[in-house]
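> Sequence:
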Amino acid sequence: MAKQIKARRVATKRVNESRARELWLASLGAVAMTQKQGVKLYATMVAEGRGLQTRVQKAVDEANAQFNARIAQVNKQIAGIKAEVEGRVQPLRQRAEATYLVIADEITVRLQPLLSRLGVKAPAKRKPAAKAKKAVRRPAKKAAKRAPRKAA
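Throughout the sequence shown, residue numbering follows my numbering, covering 1167 to 1318 in sequence.
Honestly, the hints are just simulated from the structure, not real lab data.
What you are looking at is a predicted structure, and each value in this text was computed from that prediction instead of being measured.
Don't take every hint at face value.
What follows is a list of derived Cβ distance ranges for each label pair [to be verified]: (1) V1240 - Q1260: 29 to 37 Å; (2) K1316 - A1270: 39 to 47 Å; (3) E1272 - A1238: 29 to 37 Å; (4) K1206 - I1244: 52 to 60 Å; (5) K1242 - A1209: 45 to 53 Å; (6) E1214 - I1237: 30 to 38 Å; (7) R1185 - Y1208: 42 to 50 Å; (8) I1237 - A1262: 48 to 56 Å; (9) A1238 - M1199: 31 to 39 Å; (10) A1177 - M1211: 31 to 39 Å; (11) A1231 - M1199: 46 to 54 Å; (12) K1224 - A1262: 31 to 39 Å; (13) V1205 - R1180: 33 to 41 Å.
We put the CB at the ideal spot given by N, CA and C, even for glycine.
Put together the whole structure using the sequences plus the hints.
Given below as structure tokens:
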């Protein structure tokens, strides 16, 4: 009986060693397959990434072209509206300026007798306002040299 128990232990030990070796070899096989498939998978992912990038770039370019076309269309509409508004406002502006000058002259004429009694001189006749020009700064004059003070 002792021989049978010993034989079973030896057989069990051999089976365990055999299984351990098979497990080790299976692990090595899994690593080898993963390496091969990893390279293939990596190449596939790179190709998919390039394809996605191309599709996205194309979509962005199309959206950008549509956006630019819409901006051009809106700019044309704005230019048309601006021209129309300026066409309507310009005559009104001219009429308002003319009316202002007439009213200002009328006020000056009617107030002149009162102003002359108060001793205020009449303002010079106005000319229609010219378009504003930028003011040009002139350099300041240099101060005159002072004479030295005399001692008292």
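> Against this structure, judge whether each hint is valid.
The hints, checked one at a time:
1. V1240 - Q1260: 29 to 37 Å: For V1240 and Q1260 the Cβ distance comes to about 30 Å; the hint holds.
2. K1316 - A1270: 39 to 47 Å: Cβ of K1316 to Cβ of A1270: about 56 Å, so the range 39 to 47 Å is violated.
3. E1272 - A1238: 29 to 37 Å: 51 Å, violated
4. K1206 - I1244: 52 to 60 Å: This hint holds: roughly 57 Å between Cβ atoms.
5. K1242 - A1209: 45 to 53 Å: Taking Cβ atoms as reference, K1242 and A1209 lie about 50 Å apart, which means the hint holds.
6. E1214 - I1237: 30 to 38 Å: At roughly 34 Å between Cβ atoms, I1237 and E1214 fall inside 30 to 38 Å, so the hint holds.
7. R1185 - Y1208: 42 to 50 Å: 34 Å, violated
8. I1237 - A1262: 48 to 56 Å: Cβ of I1237 to Cβ of A1262: about 35 Å, so the range 48 to 56 Å is violated.
9. A1238 - M1199: 31 to 39 Å: Since A1238 and M1199 have Cβ atoms about 58 Å apart, the given range 31 to 39 Å is violated.
10. A1177 - M1211: 31 to 39 Å: With a Cβ separation near 49 Å, A1177 and M1211 fall outside 31 to 39 Å, so the hint is violated.
11. A1231 - M1199: 46 to 54 Å: Given about 47 Å between the Cβ atoms, the range holds.
12. K1224 - A1262: 31 to 39 Å: Check failed, 56 Å falls outside 31 to 39 Å.
13. V1205 - R1180: 33 to 41 Å: 38 Å, holds
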